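Trainee: Listed here are the chains, written in short residue letters.
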Amino acid sequence: ETGVTQSPTHLIKTRGQQVTLRCSSQSGHNTVSWYQQALGQGPQFIFQYYREEENGRGNFPPRFSGLQFPNYSSELNVNALELDDSALYLCASRRAGGLTGELFFGEGSRLTVL
Amino acid sequence: KQEVTQIPAALSVPEGENLVLNCSFTDSAIYNLQWFRQDPGKGLTSLLLIQSSQREQTSGRLNASLDKSSGRSTLYIAASQPGDSATYLCAIKANQAGTALIFGKGTTLSVSS
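In order, the protein sequence lines correspond to chains X and V. Here the first sequence stands for residues 1 to 114, where the numbers follow this note's numbering. Here the second sequence stands for residues 1 to 113, where the numbers follow this note's numbering.
Think of the hints as simulated: they come from the structure by calculation, not from any bench. Mixed in with the good hints there might be a few duds.
DSSO-like cross-link-like pairs, simulated, lysine-lysine; straight-line CA separation at most 30 Å [as the list claims (entries may be wrong)]:
(1) V:K68 with V:K1
(2) V:K105 with V:K68
(3) X:K13 with V:K105
(4) V:K68 with X:K13
Some chain V residues near chain X, calculated using beta-carbon distances under 8 Å [to be verified]:
(5) Q34
(6) G41
(7) K42
(8) G43
(9) L44
(10) S46
(11) L49
(12) A86
(13) L89
(14) A100
(15) L101
(16) F103
(17) K105
(18) G106
Each pair of labels, with its calculated beta carbon distance range [stated by the list, open to error]:
(19) X:T5 with V:S28: 13 to 23 Å
(20) V:G16 with X:L11: 14 to 24 Å
(21) X:T14 with V:T58: 43 to 53 Å
(22) V:A9 with X:R110: 19 to 29 Å
(23) V:P14 with X:E52: 48 to 58 Å
(24) V:V13 with X:R63: 14 to 24 Å
(25) V:S12 with X:R22: 15 to 25 Å
(26) X:T5 with V:T58: 26 to 36 Å
(27) X:Q17 with V:T58: 39 to 49 Å
(28) V:T45 with X:S7: 16 to 26 Å
(29) V:P82 with X:H10: 19 to 29 Å
(30) V:P40 with X:S73: 36 to 46 Å
(31) X:T5 with V:P40: 16 to 26 Å
(32) X:E52 with V:P82: 20 to 30 Å
These numbers were taken from a predicted model, which means no experiment stands behind them. For glycine and all other residues, C-beta sits at the position ideal for the given N, C-alpha and C.
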């Protein structure tokens, strides 16, 4: 039990649609990051939020965007869905002031784009 | 650019065997290295975290080692059990304030009874 919960667990969208994925972290985890994991691959870093601002981004286009809220929840939004966006989306959080840098992951949201 | 490689991609062993999973990385300037377990279609469970100043960490039947100079880490699993069957991922964190974990593709372990 990592204390990181994600919703929905599964969803199906069609190409061109928009999707919002949600994540709820433990109290005190003020850093949240999102990862995309395609089938058979390791997770790829999308972006990170710290104190409600994006402070790091991987090699993903602007149609991937996010929000972080004061209650330690966050969202990943993807616009203009493409077939290659089909993947498991993982949310991870880190303790405020945690020196180890250990990340705790949720169970993920499985997105299928048809 | 940091790259993480895990060999082998898949491994099958009989129950009770001791085994080693390998992880190599190209840039030795790391903050920490974390080993994760992933069951099919599930999220990641943190197994062990090794800081850059450490050589190894142990938890139960698991032991992870780190050799920064050679760019290698190993995960040793003693007395394997069918419940150990999963994909094992290693990930590098470049710095404390840093954002991204850089993952390998994982080793899929199957332990037969």
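Trainee: Now tell me, hint by hint, if it's right for this structure.
Mentor: Status of each hint after checking the structure:
no.	hint	in the structure
1	V:K68 with V:K1	16 Å, holds
2	V:K105 with V:K68	20 Å, holds
3	X:K13 with V:K105	26 Å, holds
4	V:K68 with X:K13	43 Å, violated
5	Q34	7 Å, holds
6	G41	7 Å, holds
7	K42	6 Å, holds
8	G43	4 Å, holds
9	L44	4 Å, holds
10	S46	6 Å, holds
11	L49	5 Å, holds
12	A86	14 Å, violated
13	L89	6 Å, holds
14	A100	4 Å, holds
15	L101	6 Å, holds
16	F103	3 Å, holds
17	K105	5 Å, holds
18	G106	6 Å, holds
19	X:T5 with V:S28: 13 to 23 Å	36 Å, violated
20	V:G16 with X:L11: 14 to 24 Å	41 Å, violated
21	X:T14 with V:T58: 43 to 53 Å	48 Å, holds
22	V:A9 with X:R110: 19 to 29 Å	22 Å, holds
23	V:P14 with X:E52: 48 to 58 Å	51 Å, holds
24	V:V13 with X:R63: 14 to 24 Å	43 Å, violated
25	V:S12 with X:R22: 15 to 25 Å	38 Å, violated
26	X:T5 with V:T58: 26 to 36 Å	30 Å, holds
27	X:Q17 with V:T58: 39 to 49 Å	47 Å, holds
28	V:T45 with X:S7: 16 to 26 Å	19 Å, holds
29	V:P82 with X:H10: 19 to 29 Å	27 Å, holds
30	V:P40 with X:S73: 36 to 46 Å	27 Å, violated
31	X:T5 with V:P40: 16 to 26 Å	20 Å, holds
32	X:E52 with V:P82: 20 to 30 Å	44 Å, violated
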